[in-house]
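**Q** Sequence:
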Amino acid sequence: MRLVTRLKGTVIACLAATCGLGANALAQEQSYNSRDAVITALDYNPQVREALHSFHAADHNVGTARGNYFPSVDLTAGTGKMERDYDDRDDYTTNRAEISVTQLLFNGFRTVGEVSQLDGLRQVRYLEFLDSVDNVALEAFTIAEHLVRYRKLLDLARDNYDEHLDVKIQIQDRVDQGVGRRADLDQVDARVALAESNLITEASNLHDVTAKYLRLVGELPPQLLVPVDLTEQNLPADIKQVLYAAYQGNPGFHAAVKNISAAHASVKVERSNYYPKLELRARYGTEQNLGVFDDRYDPDDFGNEGAVELALTYNLFNGGSDRAAVKRSLAEVDAAKDQRDQACINLRQTAQISYNNTKQLADQLVSLRNHRDASNRVRAAYNEQFQIGQRSLLDLLDAENEYFQSSRALVNGEHDLNIAYAEVLESTGDLLAALEITGERMPLNDELDEDLADVSVEPDSACPAIAPGADHASNLVSEVVSLQMTELFTDNSSVISEAGKTRLNDFLARFAREGTVAAAWVNYSLSPSSSVVNQSMAASRATAVRDYLVINGMEVAKVKQSGSQDSPVQPATDLVEITVRYVSH
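Taking this note's numbering as reference, the numbering of the sequence shown is continuous, increasing by one, and the terminal residue is 585.
Among the hints, erroneous ones may be present.
[What the hints assert, rightly or not] For each label pair, taking beta carbons as the anchor points, the in silico distance ranges come out as:
(1) ASP208 x ARG181: 37 to 43 Å
(2) ARG215 x THR543: 56 to 62 Å
(3) ILE345 x THR76: 14 to 20 Å
[Unchecked claim] List of simulated lysine-lysine pairs, DSS-like, C-alpha gap at most 25 Å:
(4) LYS337 x LYS152
(5) LYS337 x LYS268
(6) LYS240 x LYS327
(7) LYS327 x LYS337
(8) LYS240 x LYS152
(9) LYS212 x LYS152
(10) LYS268 x LYS327
(11) LYS212 x LYS277
No lab work stands behind these hints, which were simulated from the structure alone. Every residue gets a Cβ at the ideal spot worked out from N, C-alpha and C, and that includes glycine.
Model the full assembly from the supplied sequences, consistent with the hints where possible.
**A** Below is the structure:
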């Protein structure tokens, strides 16, 4: 399992339980970046500490269960005053001391089940700890990106406001000199007010994201925060590889998988009540005045007694509680499987969306950058032309606004792309490695590494690695399959023949093997001189083909007639074409 190979290499660097290095020391030596923010967050965040302590508690629970493999040694001692009035003893003193050893020999495999269950839960808690670390790391990285983003947006809003003020000063001078119009001044006042509103909004956004940064990282952000560029990281080539990497490397999903094994062990624990309990007991003690008083008894002497015995306890009836407990544990197994399925579905959705975002945003950034650069050139040209009267004030203000909006869109696109890369890496369990947060000290031992190697992942049984079709995907294929009507129908009939069904079944089987169908539609061709009867027959036959494909699992969007300009003229009702868009395997 790929997850295990990264356990020893992935350290929660600067976590208080391991090395406790703070980010402030790093900031003194080098510029503070997103990686440092993540390290500080992992050191501070209570969510990570809670998950670590839960793992430690689960680790101690295993030791509690294993204690039942060993004998129980008990020492009992007592002394007291006794009184009675039916003989001449009146009152007397009793004393006793005893040591006993009890070794459990058999309890219906309950101890084995408890150890297995609690050891499984220990592994679940550790995987949940890793998942918590990944989640907090992603949150900290994202909030650092947002902080840098909103600082840039605030600078853009401030520059935009200053540019509008400069234009206002120019217009004010013209009005004062009698060469400008009052309406122009009113118009620029309105734009200045809008620019000021945008500036206030961006300042408010920066305040909010700073508060979120403080919540996650535990300290106020530095004056200079350098973002870490993850867009150079090599992602899997396609979404299917991303999904399988996520299934093999995401600790949250593995925790849900391992939880099923722990639930199965709980069934063994509850079924142990169907078996007898066998113990070996040995005891030895001494006592005074606890026996039968007769002429042979000296009240001042101590008597010794020892015993070795096998003790069998077998419950015959307890009101059906054992059966109910077994049914409850079986239901918990089903619930654990459902949790595994839901975790897999959620992981698949997250990976699909974030991976698609990396593709779409990378393509979009080219256009956004071109738009920003072109807007900047237009702004500069319009400003020069405005000075010599070749452009109106409205043209100049619109150019300024377009440059401002295009700059904002570019900043948002760049940071959204970096965050999308981080989300993909987090879903596959590679975010910490990408940020180079690695080391040798881990809060676990080699035994746990070996145990986690047993985690089995079969994602196809929970959520197959399928993805919605996307136009940008390089493996999206369109194909047109032409079928002769004589292959599918008998003469003068719109009912598909048995031979036609066989032909269509072969068609369906082929695309089931070659890929996942994203869309399909049925076309049919008619010559311009076709009779109304032939036109009706062709439409009925095409509809019959569509219905057969739909019934057998292929979603066909529509049936349409192709005009003579779309394809060579064919004899009426002679040809049907099935266009299929599919993602090849």
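**Q** Could you grab the alpha-carbon distance between LYS212 and LYS152 and see if it respects the 25 Å cut-off?
**A** Answer holds: LYS212 to LYS152 is near 17 Å, not above 25 Å.
**Q** For the range 56 to 62 Å, tell me whether the beta carbons of ARG215 and THR543 fit it or not.
**A** holds (59 Å)
**Q** Taking only the CA atoms, is the gap from LYS240 to LYS152 under or equal to 25 Å?
**A** violated (36 Å)
**Q** CA of LYS337 to CA of LYS152, is that 25 Å or under?
**A** violated (46 Å)
**Q** Does the structure keep LYS240 and LYS327 at a Cα separation of 25 Å or less?
**A** violated (38 Å)
**Q** Are LYS337 and LYS268 close enough, with their CA atoms no more than 25 Å apart?
**A** Holds, at about 17 Å.
**Q** Range first: 37 to 43 Å. Now tell me if the beta carbons of ASP208 and ARG181 are that far apart.
**A** About 41 Å separates the Cβ atoms of ASP208 and ARG181, which means 37 to 43 Å holds.
**Q** That 14 to 20 Å hint for ILE345 and THR76 (C-beta), does it hold up?
**A** Check failed, 57 Å falls outside 14 to 20 Å.
**Q** Holds or violated: LYS268 with LYS327, Cα cutoff 25 Å?
**A** holds (12 Å)
**Q** Hint check: LYS327 vs LYS337, CA-CA at most 25 Å. Holds or violated?
**A** holds (16 Å)
**Q** Does LYS212 pair with LYS277 here, judged by a C-alpha cut-off of 25 Å?
**A** Roughly 57 Å between the alpha carbons, so the hint for LYS212 and LYS277 is violated.
Of the numbered hints listed earlier, those contradicted by the structure are 3, 4, 6, 8 and 11.
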